[in-house]
Each structure stands twice: as C-alpha cells, then as structure tokens.
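Let the hints inform the model, and build the full structure from the sequences given.
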Amino acid sequence: MNRLRRKFLKAAAAGGVAYAFGRTAGTVYAQMTGTGGFADYKALVCLFMFGGNDSWNMVVPSSTAEYNAYSRSRGGGTTSSLAVDRTSLLPITLPGQVAGDLSYGFHPSMIGARDLFAQGKLAVMANIGPLIRPTTKTQYQTAGTTGHALPPQLFSHNDQQDQWHSLRGRATMKSGWAGRVADVLNAQAGNQGLSVNVSLAGQTFFQASEIAKPYVMGANGPTQFAAFPTSGVGPLRRQSFESVLTATMGSSSSSMYERAYASVQQRAVQFADRITLAIANGYSFNALPNTGTLSSLQQQLRTVAKIISVRQNLGLSRQIFFVSTGGFDQHDDLVRDQPGLLSNISSSVKMFYDSIREIGMDNNVTLFTHSDFGRTLTSNGDGSDHAWGGVQMVVGGAVRGGRFYGAYPLLENGGLSDVGGGRIIPSISADQYAATLASWFGVGDTDLVKVAPSINNFAARNLGFMV
Amino acid sequence: MAPPISKVEAFRFLNQATFGATEVEANRLIALGDSNNAYSRWIDQQIGREATLLLPAVEAAYPDPIPVNFNIASLNGDRLSQWFTNTLRGEDQLRQRVGFALSEIFVVSQVGALQNLPNATADFHDILVRGAFGDFRVLLENVTLHPAMGVYLSMLGNQRAVANTNLRPDENYSREMMQLFSIGLVQLNVDGTVRNDASGQPMASFNQEVTEGFARVFTGWKWECPTTLPACTFATTRPQLAPVAGYNQVRPMRLYPDFHETGTKLVLNYPGVTLPNATIQAGQSGAQDLKDALDNVFNHPNVGPFISKQLIQRLVTSNPSPAYVQRVAEKFNNDGAGRRGNLEAVVKTILLDPDARNPASGTAAASAGKLKEPLLRLTQFWRAYEATSRSGRLGVAANFSGGASAVFGQAQGSSPSVFNFFSPFYAPPGEISDSGRVSPEMQIATEYVNTQIANFFWTQAVSRTHAATNLAADIMYINTTEELAVANDSEALINRVAERLLGESGQISATLKAQAKAQIERTVVPATNPNSALATRTADAIFLVATSPEFALQR
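Heads up: the protein sequence lines correspond to chains A and B, in order. For reference, each letter of the first sequence is one residue, going 11 to 477 in our numbering. For reference, each letter of the second sequence is one residue, going 412 to 966 in our numbering.
Worth flagging that the hints you see were computed from the coordinates, not collected in a lab. It should be emphasised that the depicted structure is a prediction, and the values quoted were computed from it without experimental measurement. Glycine included, every Cβ here is placed at the ideal spot set by N, Cα and C. If a hint is listed, it holds; no wrong ones were tucked in.
Sample of chain A residues facing chain B (criterion: CB under 7 Å; computed from the structure): (1) Ala237; (2) Tyr271; (3) Asn390.
Some chain B residues near chain A, calculated using beta-carbon distances under 7 Å: (4) Ser850; (5) Ala856; (6) Ser959.
Right, here's the structure in full:
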C-alpha cells in the first residue's frame, strides 16, 4: 500500500471506531491538517509543582492579627521559624479593600505573580485541595464513625497527586481529568494534527484517558528519528520500522506489553517530524527568548507557546498542556531554598503570559497550578511536612484576576480548620477548580460530572474565576 | 533425568537474573546440568560471589590534591561509570541485579540534596548490593542509619519537639519508610491482594498518629564524627569533603541523646504485635527506640507480600499471580529454618518458581513477563555485543548527550524523587489498565524517551562499532565482526542478530524477520568495495531488532 493511501485510511479511522484490538490501536491520528470542531482555539496549561508547595508562604496575610497568627504557627521568633518577614511581603490590594481590612502580600521573590495579580490577570485560590464533599473539622475528626467521605491517604505524595490529577475521590479511576476533558470533546477536538493532551514533563495520570491518547515530548519539543532521513533508504527503513509496530499492535500473539510499547512508538514516529518542524517555525518570543539561559520550566513553557503560535498549521482547536517543576518537598532547608523555587514559578508564569500576549492569544490560554498538597504550618526544625489545603494560582487574559476565590483561612495552629500540626482543611475543592476550567474550555454543563465526579456535592459548580 | 535447558530458556532466566543474557553465559548455564538443577547451581555460584562496589571508584576519582572550587558533584559520573562497569562485566551478576531492584525500592538520588555527597550515594548502593542476599531486618536498619538516606529523607538532624513552640519532629523518613520501604499504605493479604473493609474500601496500614510516632523515634541522629575530629556535635553540619580515614559521608549516623524524643511513641498495631498497646515506652535510649520501632515494622504482616511482590516485578513479571506472590511471601515470612526476611531464600524462590521458569501459555501469555526498563535494554544490548571503549572505561558521560538520564529516562541513583523512576502501580490506559493489570516500566516509555533510545541504538549500530576509526577514547563501541562476515546474506545476518539479542534465530517474529530482511536487501552489496554496504546492512539488522517491541519485552 502506498503511503498516501495509508494516510487516508488512518484519517478515516480517526473519525470512527478505531479499535483493532481492544483499545491498543487507540485513536489513530490524522496526519493531514485537520480542522477542529471548534471555531476558536483554547489551551489550558497545568503547571504542577511536585513535592507539595508550602504555599502559605506564597500568599501571606499581612494585616496585624492575621500575620501574627501565621507567624506564631510557623515558629516566628525561634531559630526554626518558617515565617516570611512581614515587611518583605509584596503588597496586593483586593477589590474594595480599605484601611483596616484584612490584607495580604506575595512572597518577596514573586514580583511577576504580584504584577499579574495587580493587572487582574492572576486569580488566587485561597485554600484549595482535594475534597469529596465540603468538610468541617468535626466531620474530619468523626469520619471514622460517621463515614463522612474523605479523599483516601491524605498527606501521601503520590495519592494526593493522583487526587489532583484524577479527582477520583474514593473511586477507582483509570483516567485523569484532562484525559476525560479530551474524551468528552473528542468528537469536536479529536481530529487534530497533535493530541489534545500534550505533556512536556513525562507521562502523567492527569492526561490518561480512555480514547484520546496523550503525547509526551521533551522540554524543547520532540526528537526526530535519526535513522529515518528523507533520502536514500531512510524512508523505507521507517516503513519497515512502522510495519513491525503495526503488526505487533494487530497481533493476538504479541503480549500486552509489546502492544502498549508499539502504540507509543507509533505515535512517536507519526508526530516527531511534523511537530519538530512546526516548532522550528514557531514564533520567536521576546519574553521567552530562543537564546539565553532559561530554567527547565521556562523552556517547557516556551515550547508550549511556540506550539500555540503554529496552532493553525497543525489544525489545533483545543489543547491541554502539562508542564512541571520539582523540589517542593521541603522537609529541610525551606527558608534557604523556597525563594528560588517561588521565584522560578513567578518569573516563568509572567514570561509565559507576556509571550502569549505577544501573539494576541492571552484571552485564549489559561495557565493554572497544581501541587501535591499544602504543608503544615508548624515547623519540623527547618522545614514543613505534608498537609492538605493550600494556595493555587490561575493566570490568563480570560481570568477574573486580582481576587481571591474561597476563604483564606486564619492560619492559627489548632484553629477551626486545622486538623493537627497546622494541616488546613480546604475551603474549596479541586473538583470545583477543574469544573470551572473545563466549562471555560468548552465542556457542557451535563458533562462536567464526568470531568469532576464530586462536583454535585458542592453548592458552586463554578467558582467564577473565568470570564 | 530432566531435559537440558534450551538456549531460549537460558536467555529467559538470564534476563531475569542478570543485566542481560549473553550467549557465553547461556552456554555456561546450560553446561551446569539439566533443567532440574542447573538454575539452582548457577544461583548458588552467584550467591558465593563477592560484591563489586561503587565507593572505591568514587574515592579513587578524587584528585590529589583537591583543587579549590573542585566540582565534587562530578564524582557522581564516576559512580555511574563504575555502575556500568559492574553491571556489564561484574561476575556477581545476580547480586548486582537484585541490588538494583532493591535500589528501586530503597531510593536515594544524586538529584537533590545528595548532589554534593557522591561517596554517600555510592556507598548507599553498595549496602544494597552487599545486602542483596542478607537479612531484611539488617538491611532496613542499614538503610535507616545510612547518612545518604539521612540526608535524602531528612532524618539526619531530625530532633525532638521543643516545649511551648510549634517545633515538632520531621515526618519525612517516618512516612516514606512505611509507605515505600516496608509495608505500603494499605493492608495486604499474604498473596499481595488488598484487604478491604465492609464498604469495599482498602484498609489503611497506618495513620497520621503512627507517622508522628515513628517521626519521634527517628530523632537525635546526625553525622558520625570523623575519627580525626572526635568532638563533633549535633550542630556539626558539614561532612568532611576529603576522602580521609574516618570520612563520615559513609558511616552510619550517630545518636546525640540530647536531641532524641524521650516520650512514648505510637507504632504499628497488627495481629501478633509484641509491644503493649503498640506503644514504645517513654524514657528508653534512642538506640533502643530504633530497635523496637524497626522490629515493629519488620514483623508487620505486610512486609512479606509488599517486598516480595515488588522484587518479583523487578526481576520477573509485572503481574505475578497471587499464588506466586504468596509462595514467595511465605518464604520471606519463614525460610524453612524459622528465619524471617532471608533475602537469599526469597530471591531463590522468585527465580525457581514455576511461574518464573515455565513459559506461560494460552491467554496468560499475553500478560507474562514485563517490559524491560530502559537501562536493562541498554545493558543487555551492550553485554550481547561485548561493548567496550578504547580507554577501557565503560558507560561514562561521553556516551550520553546530557547524561544517561536525559537519554534513557533513568540512570542508577538518579531518580527524580523517592518514588523511583516509575510506580509499581502504574497502569497505562487501554487493555492493561482495563484488565486490572500494571506495567510499571511503561510509565517512562514515553514517545520522547523511546525516540531517544531508538536514536541511541541507531548511532551505536551505524557509527559506534569496532570498525569505526577516530572514536573518542571513552565512547562505547560494539563488536559486529560476526554480523559483517555474513552481511551479504540477509537470512544469515538477521539470524545472527536474533541469536545474540533473542537467544535463538527461531525466536524472532515472522514480521520482524521479513521486514528486516527486506530492509537489509535494499542496500545492494557491490562486488568491489563492499564494506560500506555490509556495514549499512548490519546496522539495519541491529537497529530493527534492538528497537523492536519483542526486544523490549522480557519474556
């Protein structure tokens, strides 16, 4: 079969049922330039801070009583204090705030984030985390006898990452919420030159799906296959290589590990050349320059911005990107190391927003943060331990920024929302967060429960932070 | 008399028990006896072999004198090179393989706080390799008190609560020791299946109060003193950098009693627990607390199935049957001589079990075995092709643009976190997840990593061979002499590659063989100056097999 004919068949298959063997064949993507079912383009960018960001130091109360509670809880005045100095905070003003009101400031290393907040382009989720239903301290404490539903394995890294990724609550779930968004929108957004879900930071449960396969590239995009030059015997070598993969995926005598591996290999070959070329032809941003020293996170975001800049060439209408940076599990040396981590988050987010603005797509692209969990208010000597609620941020032109969503708690050790050691119960849930983002992205109201399975347990299905 | 071991069976065994089957080792195994006794004889020989280590290479790599501003982190590269040397050439293959499996359970990493402690990171791996056939309780204590783990999971310097402040002990090591190194998060049956409560939810194996209890146990430990500086205190923050006698990067942490929590500590409760009320009494010494706490963990019924199943997953198959897990876990619980945690007996049981030795048939074949992790694909390939370098140094940085991790998605001692390169519970969406199975190694088999690995094998096959001239001294090259000799015959060429990488020429699938032959034949061998064409044909054959799904599969 000649190559054109094969391409045509693949494109045809993508529109209908493409399962040759179970789901191993997955969705076979059109290699031709497709046009999505959406007239506009929208992208969500998930920035995951691995390890559990100590976010009570990211946005800090600055009014006297609230700061003092925060400082007391964090060991202020002792050698093991984790509190950020009050005078160093970067002040922000909430809508309608007058003298004497509660006030807050950003960590001193977060100038970019503070500026975006002041411009109304960054919203703060004041106390968010995985919840199955609204939870009070009493409900938490008596859950063992009342059966009040709590996310399992609170305070465990991988389990709480999984909660953010999948919103699974106590159910067994094989997909992430971005994966389910892609599946829900598959008919409209599925026929693209690249997967709806793209990770620049390795495989992630967040993007796992039943139908629409995610695609993983490096921080600077895909790698091309060195063995397949377009001259000489290169194209035929590629054909042999692909034929082996196709045969493996279609063979009932191969093992499921071989089939899974072949499926990844096949996507790798199909996308590598086209995406590499598209990125090479992408926009050169002032805010995220092609040359100079960028952090890994900034490189990932530059690649995301470049793909967005060539969205039309690739026939893209809806995309969810995953980028990440680590090092946040600061049981040790928090005071020494957190400023560098937060500075990287702040500057990266600002550079990304500015870049997207350069191509006039700022109203179409929304970046939001996830992290394993918030951390204990109390100090273990020079760091903090695993906890629950914390602060997350949403950035973009379509964000109703400059505001807090959810109630910022009084950071009092032993206070109303502390379940012990300064572990704060979230006031809004990761389900509400995801549902709000998914609604903006184009998921219909009736499908929201597929994306955020616990959403109907909360009074507000939409937190209102998206325009 | 039982039948002799076939070449394919030998390859299957050696890919479970070594860093890659080779024809030489397969023949040696086959010569040890019939299929009833050759495997156990081979294992017994291996258990007797002395451990090859990493620390000596790191110590030897320090320049003398150490220059000002010496980049001590560069010595991590020397550790990694030595790891390749040991895994490619070491005679203690089984010990190395089990040690590597243990290093994916007891994880420390040069990425992060250990970056500038290369001796500690190397020596930590050595205690796993030395302990591969030893006692699990001893290993758990060695791991707990090793300064590499102390730094990595912040037990080093952890101190008791201070009254009237909000200072309390660090929970990092406490939590991960239970979650990752011993019992896991949920209660298990002896066959590794999860125990659910009446409402169908898994039952947790510990809670926050127990995490705090162990956090209190693990207080008061810090650097051991260098012998040259006996007056060190809890406040001594820097280990000595120079590799002198008594060098404290590698000596077990020392207890500083003033910083140890002396109150009671809640520990694990389970049927048969020996401590009254699962509580360590107040006022004991830090050493006694540690002993009681580790005994309490070690005797938890989860340890057998939790550790056994992960060792099976690392060595044999991603989805062992509950019966297989149970056979191994029972051996962990009692080696037959009344000993619990005898890893030698556990490893033997894993490898000699019928589920490991007999190829699965029928529908079970589809989920037998596992995907090879990238490093094991590389080491098998290099071992099969007798890879070496002109300098004789193996696996050094020169071979990997950006480092081994950047190319292969993993490198020894370089995990991104204590959660290893991949999770034992990872299930890729599709038929594996739908059938309730897992494929941990698939977590790092991404489009990106797989492409880079394919490119690595292509470069290796096409330009890094014994025939290449002007290779840099440390570049690893493979020996393709035998392939080149038959490369004018596509059938003979592909058969030779299949024998090397898959065990027998008959093992290669019909499609791969046909496609490889077709590709080989596309390069016509001219009557004069045939060498370039023969090299291209050889490279094509090696590339297509080395990147194939069937080579990626450990049967």
